[in-house]
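Participant: Sequence:
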Amino acid sequence: MKVLSSFNRVTDMLFQSRKAKFAMLATVAGSVFFLSSQLMMSQLAHADHSSFTDEQKLEIRAIVEDALVNDPELLKEAIIALQMREEDQMSQARGSLVELHHAGLFETQTDPWKGAENPAITMVYFTDFNCPYCKKLEPSLDKLIEDYPQLRVITKMVPLQGEGSQKAVELAQKVWLNEPDKYLALKDMLMSSPRRLDTDAIAKVAKLTDTEQWLTKSDDRVVKVVRDNVSLMRDLGLSGTPSMIFGDTVIPGLVTYEVLKEQLEEVIQAKG
Numbered sequence: 001m002k003v004l005s006s007f008n009r010v011t012d013m014l015f016q017s018r019k020a021k022f023a024m025l026a027t028v029a030g031s032v033f034f035l036s037s038q039l040m041m042s043q044l045a046h047a048d049h050s051s052f053t054d055e056q057k058l059e060i061r062a063i064v065e066d067a068l069v070n071d072p073e074l075l076k077e078a079i080i081a082l083q084m085r086e087e088d089q090m091s092q093a094r095g096s097l098v099e100l101h102h103a104g105l106f107e108t109q110t111d112p113w114k115g116a117e118n119p120a121i122t123m124v125y126f127t128d129f130n131c132p133y134c135k136k137l138e139p140s141l142d143k144l145i146e147d148y149p150q151l152r153v154i155t156k157m158v159p160l161q162g163e164g165s166q167k168a169v170e171l172a173q174k175v176w177l178n179e180p181d182k183y184l185a186l187k188d189m190l191m192s193s194p195r196r197l198d199t200d201a202i203a204k205v206a207k208l209t210d211t212e213q214w215l216t217k218s219d220d221r222v223v224k225v226v227r228d229n230v231s232l233m234r235d236l237g238l239s240g241t242p243s244m245i246f247g248d249t250v251i252p253g254l255v256t257y258e259v260l261k262e263q264l265e266e267v268i269q270a271k272g
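Using full-length UniProt numbering, the first residue of the sequence shown is number 1, and each one after it goes up by one.
Simulated from the structure, these hints should not be mistaken for lab results.
If you're wondering where the values come from, they're calculated on a predicted model, not measured in any experiment.
Where a beta carbon is used, it is the ideal one built from N, C-alpha and C, also for glycine.
Each hint should be verified, as a subset may be incorrect.
[To be verified] For each label pair, taking beta carbons as the anchor points, the in silico distance ranges come out as: (1) Leu208 - Asp235: 35 to 43 Å; (2) Gly253 - Thr53: 41 to 49 Å; (3) Arg195 - Pro149: 31 to 39 Å; (4) Phe106 - Arg227: 17 to 25 Å; (5) Pro194 - Gly240: 18 to 26 Å; (6) Glu55 - Lys271: 52 to 60 Å; (7) Gly253 - Leu215: 25 to 33 Å; (8) Arg196 - His101: 27 to 35 Å; (9) Glu212 - Glu99: 35 to 43 Å.
[Claimed, not checked] Under the rule of at most 27 Å between Cα atoms (straight-line distance), these lysine-lysine pairs were calculated in the BS3-like manner: (10) Lys135 - Lys261; (11) Lys136 - Lys261; (12) Lys136 - Lys207.
Let's have the full structure, built from the sequences with the hints guiding it.
Facilitator: Listed below in structure tokens is the structure:
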């Protein structure tokens, strides 16, 4: 784990001298105090800290400080516990945001989709044609649709990686809105490009998929659709692609097919 490895290096460096130990403790005392006391004293973990006297607080701090100095592993455990708590809180917050933005996620008529005509389960997928992780995820999504015929995947295209992404998204969105039968071939070819898309590469794909007219032909709906997708992504607290939403669960970043399947199975079970 990169985060844990980083903290290992920091911890080893800071524990070289007693002065460094106390400097470290002064910095992290506020965040690890409660977690450390949880790990050492379950009764204190559930106590009302506001009822402690100043003398008692000093005594507890001394206990925590001594434990951290003599057992650096305790600090690592506290940091991991803090990270897990923060991730859980973020997950819960995102679940609420998904509910708040349910219509924008699942009920729009302007986003491409693939899979079930009358879906029992719908997944939303934020993607960028220049995102290398999205390219790696595509085969897993195709397999998921093949293995679960009741699934529909809604694709929300967001141009986050420069001018090439912008042009590719605009082309694909225009094709979907006007010639949807040509969209999948266009999308697959754009995604399969081994290098970053630029104007020339996009033009070649358009020619091969007979969608060249949409390179220059405009559609007033496209600007709003793309802007809404980007705004929705930001409102959900998502910073990059790929990002997937199953039910009320957000899965940010590249994951394996097994992770997607596991999450889908949980949604199926929840639906009864």
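Participant: Hints first: check each against the structure and report whether it holds.
Facilitator: So, going through the hints one by one against the coordinates:
no.	hint	result
1	Leu208 - Asp235: 35 to 43 Å	36 Å, holds
2	Gly253 - Thr53: 41 to 49 Å	47 Å, holds
3	Arg195 - Pro149: 31 to 39 Å	34 Å, holds
4	Phe106 - Arg227: 17 to 25 Å	19 Å, holds
5	Pro194 - Gly240: 18 to 26 Å	21 Å, holds
6	Glu55 - Lys271: 52 to 60 Å	56 Å, holds
7	Gly253 - Leu215: 25 to 33 Å	32 Å, holds
8	Arg196 - His101: 27 to 35 Å	30 Å, holds
9	Glu212 - Glu99: 35 to 43 Å	42 Å, holds
10	Lys135 - Lys261	18 Å, holds
11	Lys136 - Lys261	16 Å, holds
12	Lys136 - Lys207	25 Å, holds
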